[in-house]
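Enquirer: Chains as they are written, first to last, in the numbering used here: chain A, 1 to 378; chain B, 379 to 756.
No incorrect hints appear here.
Listed next, with one range per pair, are the computed distances between beta-carbon atoms:
no., chain 1, residue 1, chain 2, residue 2, range
1, A, Pro359, B, Asp499, 47 to 57 Å
2, A, Thr316, B, Ala671, 27 to 37 Å
3, B, Gly745, A, Asp348, 34 to 44 Å
4, A, Thr316, B, Pro397, 49 to 59 Å
These are calculated hints, taken from the structure and not from any lab test. Bear in mind that the values here come from a model prediction, so they are computed numbers and not experimental data. Virtual Cβ for every residue (Gly too), placed ideally from N, Cα, C.
Protein chains: 2
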Amino acid sequence: MPALIQPFPEIEHSATRFPEGLMLDCGTHLAPLNVAWRSYGTLNAERSNAVLICHALTGDQYVAETQPLTGKGGWWANIVGPGLPIDTDRFFVICANVLGGCMGTTGPRELREDGSPWGTDFPIITIRDMVRAQKMLVEHLGISRLLAVIGGSMGGMQALEWATTYPESVFAVAPIATATHHSAQNIAFNEVGRAAVRSDPDYRGGRYWADGRIPAQGLSVARMVAHITYLSEEALTRKFGRRLRGANAVTFLEDVFEVESYLRHQGSSFVRRFDANSYLTITRAMDYFDLAAEHGGDLHKAFRREGPRFFVCSFTSDWLFPTAESRRMVQAMNAAAARVSFVEITSDKGHDAFLLDEPDFHRALGGFLAGAARDSGV
Amino acid sequence: MPALIQPFPEIEHSATRFPEGLMLDCGTHLAPLNVAWRSYGTLNAERSNAVLICHALTGDQYVAETQPLTGKGGWWANIVGPGLPIDTDRFFVICANVLGGCMGTTGPRELREDGSPWGTDFPIITIRDMVRAQKMLVEHLGISRLLAVIGGSMGGMQALEWATTYPESVFAVAPIATATHHSAQNIAFNEVGRAAVRSDPDYRGGRYWADGRIPAQGLSVARMVAHITYLSEEALTRKFGRRLRGANAVTFLEDVFEVESYLRHQGSSFVRRFDANSYLTITRAMDYFDLAAEHGGDLHKAFRREGPRFFVCSFTSDWLFPTAESRRMVQAMNAAAARVSFVEITSDKGHDAFLLDEPDFHRALGGFLAGAARDSGV
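Throw the hints in and build the complete structure from the sequences for me.
Expert: Here you go:
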């Protein structure tokens with residue numbers, strides 16, 4: 001494993017090295033390629049019970065176990081595990097850190113072959129590039145067809161890309177709380193976050209590794225604005241309302257509302273586990289994502305009758321990826337005669353609902369996966 | 379006029395000086411007080427045709443004439459003027475720069491009596507303090523009762539505060555695209571903006587006047603995030619969609635979507651006309667605003683049967699101050715037996731709709747004002 005850019009703590013992630021590398025959409029040949037990944041459960045003899053989980057923007061491969069940097073539990077430990085909707089007693093569950101990430105897969109934070117850091121020299125990547133890297137890992141594991149690819153938010157974009165790029169290599173696909181493209185508003189929020197990072201003088205044009213300083217302030221602001229978009233107005237109000245921290249805490253220019261101190265905490269804890277250049281690289285990939293554009297502007301051409309079956313799921317209070325986006329997606333799948341189930345879950349938790357305890361969602365996802373296992377003969 | 383903090387261009391604003399100053403909600407006595415203001419039309423002999431317009435967060439007193447810093451037209455020139463809904467052939471229209479602002483009214487950007495800049499020593503202000511300063515100006519002009527107070531967004535908060543604090547001094551009140559309190563989400567977005575300003579090293583704890591540098595990057599990011607909340611998803615999509623700037627402009631870390639370059643322009647032009655400490659001071663005042671809390675938690679106690687008549691107006695695609703907030707306000711007004719008309723305008727332009735060409739809105743507002751003039755005998 002190459003050394004990492006400091007002052008991010010160096011952790012030994014379990015990874016697979018692909019010396020041949022990967023041809024990217026931008027035309028750059030990225031080699032070698034490391035893919036860091038984790039698995040849960042056991043691959044059966046037929047290699048037919050593999051489920052790939054794709055993580056979101058700031059997620060990682062530690063789906064169902066302690067995250068080594070934060071010491072917190074896995075981000076989907078409420079869904080992935082023995083007897084849970086994604087049942088590790090039945091399925092072999094794989095999750096890889098995305099291309100461009102900062103948890104062991106090749107990305108801006110790692111060193112090149114010549115020992116110099118990638119940083120801002122890291123090439124432009126797309127969601128499809130991320131999926132290509134995952135496909136290499138899956139083939140390396142000897143799996144010719146995945147039982148399912150499942151992901152929420154940016155993970156859902158990857159799931160959709162799997163269905164489009166490798167339709168023969170996956171039986172069932174579950175894009176959750178996602179869309180077939182990033183909207184102008186989504187792009188705008190991402191751009192504010194990137195502007196905050198770039199305007200931090202510690203960012204120094206992305207070459208912030210020289211003396212161990214990182215653009216913590218800018219990245220923190222980026223995380224704060226993103227975090228607002230992950231929550232619904234209802235969830236924010238329920239959590240904080242207009243409560244002041246301490247009855248007489250009205251002081252000039254200091255945080256006085258609980259929601260402020262919460263957001264600041266979100267921002268400051270984020271910078272201890274995420275790389276700024278990775279954030280810029282991955283948010284760009286999300287902004288570029290446009291499944292229809294990859295198919296001449298016709299979204300339904302992205303899907304096919306003989307392709308995988310779909311489980312599309314949205315949440316009523318998600319305003320980052322609203323239900324209307326899922327409906328458009330389902331319409332195109334139907335137009336292509338693909339098999340698709342669509343569930344809209346009533347929740348007031350916003351975009352974050354896909355990560356939280358939503359029994360209806362868990363039941364529906366578990367049922368879809370069990371049905372896919374039955375129909376594919378697992 | 380005291381000198382202004384550089385490098386903001388020094389402009390001679392027409393202002394009235396109140397040596398006795400103002401007792402603020404925070405307990406500080408702010409003296410002297412300057413109120414910069416503009417007027418249009420002629421005050422009649424009975425002094426009964428005065429209409430006070432309250433501006434929004436980043437607005438100013440130049441409602442219907444060229445803004446001296448930007449050289450652009452007045453921010454409500456489409457509504458205020460001869461023969462327009464707020465008809466300056468009939469009404470004497472007044473607009474004052476808010477307390478804490480940076481266009482001539484006393485605020486963080488000005489110098490104290492001892493010649494030192496206010497900066498972050500400027501006291502905490504509230505929406506009610508802003509209204510108190512306006513009341514002093516109105517009395518100074520010999521007007522005992524305004525025909526109307528009209529404002530959108532933060533201007534609507536001031537209009538509501540007028541109805542509550544000085545119910546005998548105004549005949550009709552029009553709160554537009556506003557709410558009786560700032561929601562947790564609104565506070566959160568404001569806090570992101572403030573965090574961006576504070577984290578700019580050129581902010582230097584608010585004492586950025588020493589060598590002529592201003593926290594332009596941070597203030598620009600604050601403006602960008604705020605600007606997204608002013609537009610609807612539909613408006614952003616219509617304006618920009620996912621259009622790239624130049625077909626082959628896909629470059630790493632540079633702006634490539636039109637929406638990004640638009641937002642950056644919004645940010646960079648804003649810092650040439652607005653003071654960072656003013657931005658922090660005024661957004662705080664918005665966050666503190668809670669009309670119900672000023673009346674023991676009972677919103678309907680903020681209004682009274684004998685008080686002014688109301689014209690409440692919201693816009694369907696405004697997600698910053700959604701129609702639900704206006705409905706709550708109207709319900710409380712009705713509970714207090716106040717006279718109230720409520721109009722929800724169908725528009726896909728978002729919060730900004732109140733500034734734009736919305737014929738239905740203009741007709742409704744003009745009709746309300748004409749009716750008020752008729753009924754009050756103007």
